[in-house]
Each structure stands twice: as structure tokens, then as C-alpha cells.
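*Asks:* Chains A and B, in that order, give the protein sequences.
Sequence positions in the first sequence follow the working numbering and run 2 to 286.
Sequence positions in the second sequence follow the working numbering and run 2 to 286.
Derived by calculation from the structure, the hints in this document are not laboratory data.
Note that the structure is predicted; figures quoted are calculated from it, not measured.
Incorrect hints may have been included.
Since copy identity is lost for identical chains, a pair holds within one copy or between any two.
[Said to hold, decoys possible] Computed cross-link-like contacts, SDA-like style, restricted to lysine to any residue with a CA-CA straight-line distance of at most 20 Å:
| no. | residue 1 | residue 2 |
| --- | --- | --- |
| 1 | 122 | 46 |
| 2 | 212 | 279 |
| 3 | 279 | 259 |
| 4 | 122 | 229 |
| 5 | 235 | 247 |
| 6 | 122 | 111 |
| 7 | 210 | 95 |
| 8 | 235 | 254 |
| 9 | 212 | 202 |
| 10 | 77 | 240 |
Here's the letter readout for the chains.
Number of protein chains: 2
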Amino acid sequence: MSGTPATEQWANVMKRSAFYLSDGTGITAETLGHSMLSQFGDIEFVQITLPFVQSDEQTREAVARINKAAAEDGAKPVVFSTLVNTDHRAILHSCDALILDLFGAFLRPLEDELGVRSNHKINQSHAIRDAESYRIRINAVHFALDNDDGARTRHYDQADIILIGVSRSGKTPTCLYLALQFGLFTANYPLTEDDFDDLRLPKALVEHKHKLFGLTIDADRLSAIRSERKAGSKYASPRQCDMELRALEAMYNKHNIPYLDATELSIEEISTRVLAMKGLQRRLQ
Amino acid sequence: MSGTPATEQWANVMKRSAFYLSDGTGITAETLGHSMLSQFGDIEFVQITLPFVQSDEQTREAVARINKAAAEDGAKPVVFSTLVNTDHRAILHSCDALILDLFGAFLRPLEDELGVRSNHKINQSHAIRDAESYRIRINAVHFALDNDDGARTRHYDQADIILIGVSRSGKTPTCLYLALQFGLFTANYPLTEDDFDDLRLPKALVEHKHKLFGLTIDADRLSAIRSERKAGSKYASPRQCDMELRALEAMYNKHNIPYLDATELSIEEISTRVLAMKGLQRRLQ
Chain A
2 MSGTPATEQW ANVMKRSAFY LSDGTGITAE TLGHSMLSQF GDIEFVQITL PFVQSDEQTR
62 EAVARINKAA AEDGAKPVVF STLVNTDHRA ILHSCDALIL DLFGAFLRPL EDELGVRSNH
122 KINQSHAIRD AESYRIRINA VHFALDNDDG ARTRHYDQAD IILIGVSRSG KTPTCLYLAL
182 QFGLFTANYP LTEDDFDDLR LPKALVEHKH KLFGLTIDAD RLSAIRSERK AGSKYASPRQ
242 CDMELRALEA MYNKHNIPYL DATELSIEEI STRVLAMKGL QRRLQ
Chain B
2 MSGTPATEQW ANVMKRSAFY LSDGTGITAE TLGHSMLSQF GDIEFVQITL PFVQSDEQTR
62 EAVARINKAA AEDGAKPVVF STLVNTDHRA ILHSCDALIL DLFGAFLRPL EDELGVRSNH
122 KINQSHAIRD AESYRIRINA VHFALDNDDG ARTRHYDQAD IILIGVSRSG KTPTCLYLAL
182 QFGLFTANYP LTEDDFDDLR LPKALVEHKH KLFGLTIDAD RLSAIRSERK AGSKYASPRQ
242 CDMELRALEA MYNKHNIPYL DATELSIEEI STRVLAMKGL QRRLQ
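With the rest of the complex left out, here is chain A (with noise of 0.2 Å):
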């Protein structure tokens, strides 16, 4: 054999393996891995999260599972790892990896910045910080629930943040998240051609005008959107979506209303940006 066949080639170098690994939920290293794998598009990474590996057991069993992926592959693993124990840290850099060991890289200069060990505990970081950011969080979320797209409006004068925009523009998911993730109490409404007819904000959101914010979006994205639900309607034709979003904007300018254009953002942009561009703390860290 003098050779290695084009495609075969072309496999190894344009697909890998990359796991996250942690002795708690995985998020973190997720994250991470998300974000730096993300600067590298021509390559497809099958992605495998080992989380709670809390054990020198467990720990070689991940090694394993690796080493497994690394001899399919024909290529070395990306792991991204927030071990915290020293000895399952040891036990996972004996692997055919590539090993991008967060607490290894950094909990040593911050530990000797802040003059302090570290406790070296598993599984911190999601952990319930106190009973007291829990039930902020769930008080959030119900709160959101229980003013979302319009259904009550007698809770608004506790809102932190009342989301408008036409149906289907993302505003439910971008209220869920903000109480979620950041313990804000959100409520939406939802604008409809009946609102279009005088640009006058509805009588609900007068008094609130200072919590509002809208969202808009292509009307060509939100035709898409909306056919998924009623497929073929007026609702989600391109000609009705245009209409409605012109007539939106139109309101926001012209009783001043903050709103950003949520066609190429995430819900996570969407919402850190409205927090941004409100000025709104969050009530969780």
C-alpha cells in the first residue's frame, strides 16, 4: 500500500471527535466547546457530552470511550474538560486526546492572584447557590407564563420588561429565557393589524410605555415561520407579513420604543442585547 485513498484522507482531516467532559451537568465545557469549535466551519465535529464523571472509575471509563473514538477516527479527540479533581485530571491526560483542561489552565494563576487554594469540590458550579436564586427563578419563569402573549395585563406594573412585536416574531422564547438565565420578570404582548389601524399603543401598554420593548424580523423569515404553523393562510403570507412589520416599526418610531431587528440573532443574542440596550439588571448572576 503506497497510499492512503483521497477520501479516507479527507474524512480524517475533516471530521472529529470532541467531548465535553465534567464531573457536574457539562454546560460549562459545552459552552466553551461550542464557541471555539465554531471558528473552525469546515470541519463537522461529532459532538459527545460525559457529564457527572465524578470517579477515578468513571473517569477511566471516559478515557475509554475516547481512546474508542480516537481508533475509529484515525484521529485525535478534541476533550474539553472541567474536571476539578486532581486525580481524575491525571487519569484523563493519560488519553489519546487532545485535552483542553480549563481548571488545568487556569485555576492555578487565579489561585495565586486571589492568594487563596481553591476547595478543589466537584461539581460547584450549577449547583443551587441558595434557596433564595431559586425561587427567583421559579417565580420568574411562572411570571412569564402567566403573561405571556398578552393573557393578563394587570401584572405588568411588576414586569421588568414588557416584549411587543407581531405574532410569532420570537418574543415568548426571549421572555423564557430572560427569567430562566436571569430571574427578570417578563411579560409579552402581542401586536395584531387591529393595533396597525391609528399606530395608538394599545390601552394595556400606555402606562407601561417605559418597559416596552419590540422585536421585529424579516417578513420573508417570518412568512417561513408562520407557514410552519398554518401553512398557506393570509396569516403567513409574505404580503400579510409585510404589511404587519411595516406598520410595527412604524409604531415603534413613532412613540420611541427601543427595538432591535431579531432575524439573524440567537435567542441568546436577542436577550443579552435587550438587557444591553434596557439597561436591566439581572436579578441572578
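Once you have looked at the hints, place chain B on chain A.
*Replies:* Only chain B this time, still in chain A's reference frame:
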């Protein structure tokens, strides 16, 4: 002046500023930062996120802000940075802080292993990867809302999982988290006193038994959570909570329904454990 007053010294040691710096949402930096800082339980961190830092000018503003904190605190702030741009990172490194530079630490080894240069594009990680992911996510969130709290049961054939448990045991936030983060179709169904008489599964659940997952919680904790909603009620009494939870667990055991005690767990932990215990594949990476 021959020394530092004890209180000032104490303040220097026990309180620090922590910055999360990003060209995007800041979520990656925050997630890692929370995880690392949770290892230093005795220090109080004042945490500030500086998202969407995307120009030289904005980077210099961030540096000024960090240096100001350093001067005020009399101690170096800790900076978790996910800046990708090489120029911006160079500006950042001029500041008076401990800089934990995620791309600086990991991008080069990753490039070397993968044999390609990364694109060094800013703000990649939370961008919408494709319209398909966005669609899955929105649909999952709306499914969770439509199938919350036993409101409807006729779509259970489309559900990936059906969470069950007593009122206020964390079903709703867990379902929403599973929908938002993993794109799973989640329903939840509340079990009440009426269901406990003969420990039979409610009719709506019987044919979907393989999709059921139970939550339970400590009775005192449940009583405290319910008291927020209806203080002094029978519903919130420790006796009632205890009675419901005993019956609930008997029901789980009788029908071999996998379940989890959520008392000491965050929503993230409950969600990732449910995923692992049910062997569910996420629909979003």
C-alpha cells in the same frame, strides 16, 4: 503611614471585581467564570459582563473600566475573556488585571491539532447556526407551553418526555429548559391528591408510560415554595406536602417510573440528569 488598616486589608482580600468580556453575548465567559469562581467560596466577587466588544475603541473602553475597578478595589480584577480578534486581545492584555484569555490559551493548540487556522471571526458562538435549529427551538418552546401542567394531553404522542410530579416541584422550569437548550418536546402533568387514592396512573398517562419521568422534592422545601404562593393554606402545609410526596413516591415505585429528587439540584442539573437517565438524544447541539 506604617501600615494598612485591618478593615481595608480585609476588603482587599475578600472582595474582587470579576469581568466577563466578549465580542458576543458573554455567555461563554460567564459560564466558565461562574464555574471557576464557585471554587473560591470565601471571596465575594462583584461580577460585571461587558458583551458585544467588537472594535478597538470598545476594547479600550473596557480596559478603562477594568483599570478603574482595579484602582478602586486596590486589587487586580479577574477578567474572563472570549475575545477572538488578535488586535483586541493585545489591547486587553495591557490592562491591570489577571486575564484569563480563553482563545489565547486554547485556540493555538486546537489549530495545531486540527491542522487548520481558525477563521478568527468574532461573535460566532451564539449566532444562529441555521434556520433549522431556530425552528426546532421555537417549536419546542411552544410545545412545552401548550403542554404545560396537564393542560392538554392529546399531543403526548409527539412528546419526547412527559415530566410528572406534584404542584411546584420544578416540572415547568425543567420542561422549558429542556425545550430551550436541547430542543426537546416536553410535556408535564401534575399529580394531585385525587390520583393518589388507588395509586393508579391517570388515564392520559397510561399509554405513554415509557415517556414518563418523575420529580420529587423534600417536603419542607416544597412547603416553603408553596407558601410563597398561598401562605397558610392546606396546600402549603408541611403535613399535606409530606402526604402527597409519600404517595407520589409509592406511585413511582409501583409503576417502575424513573425519578429524581430535585431538592438540592438546579434546573440545569435536573435537566441534564433527566436527559442522561432517559437516554434521550438532544435535538440541538
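*Asks:* Decide, hint by hint, whether the structure agrees.
*Replies:* Status of the hints after comparison with the structure:
1. For the identical chains of this complex, residue 122 and residue 46 are inter-copy neighbours only, at 18 Å across copies versus 31 Å inside a copy, given an alpha-carbon limit of 20 Å.
2. For the identical chains of this complex, residue 212 and residue 279 are intra-copy neighbours only, at 8 Å inside a copy versus 41 Å across copies, given an alpha-carbon limit of 20 Å.
3. When the C-alpha separation of residue 279 and residue 259 is checked against a cutoff of 20 Å, the pair qualifies only within one copy, where the shortest distance is 8 Å, while the shortest distance between copies is 43 Å.
4. Taking the shortest alpha-carbon separations for residue 122 and residue 229, neither the intra-copy value of 47 Å nor the inter-copy value of 32 Å comes in at or below 20 Å.
5. For the identical chains of this complex, residue 235 and residue 247 are intra-copy neighbours only, at 16 Å inside a copy versus 52 Å across copies, given an alpha-carbon limit of 20 Å.
6. Taking the shortest alpha-carbon separations for residue 122 and residue 111, only the intra-copy value of 15 Å comes in at or below 20 Å, while the best inter-copy value is 28 Å.
7. For a Cα distance limit of 20 Å, the shortest separation of residue 210 from residue 95 qualifies neither inside one copy, at 59 Å, nor across copies, at 43 Å.
8. For the identical chains of this complex, residue 235 and residue 254 are neighbours neither inside a copy (26 Å) nor across copies (51 Å), given an alpha-carbon limit of 20 Å.
9. For a Cα distance limit of 20 Å, the shortest separation of residue 212 from residue 202 inside one copy, 13 Å, qualifies, whereas the shortest one across copies, 45 Å, does not.
10. Taking identical chains as interchangeable, the C-alpha atoms of residue 77 and residue 240 are never at most 20 Å apart, the minima being 52 Å within one chain and 57 Å between chains.
Hint compliance for this structure: hints 4, 7, 8, 10 are broken, all remaining hints hold.
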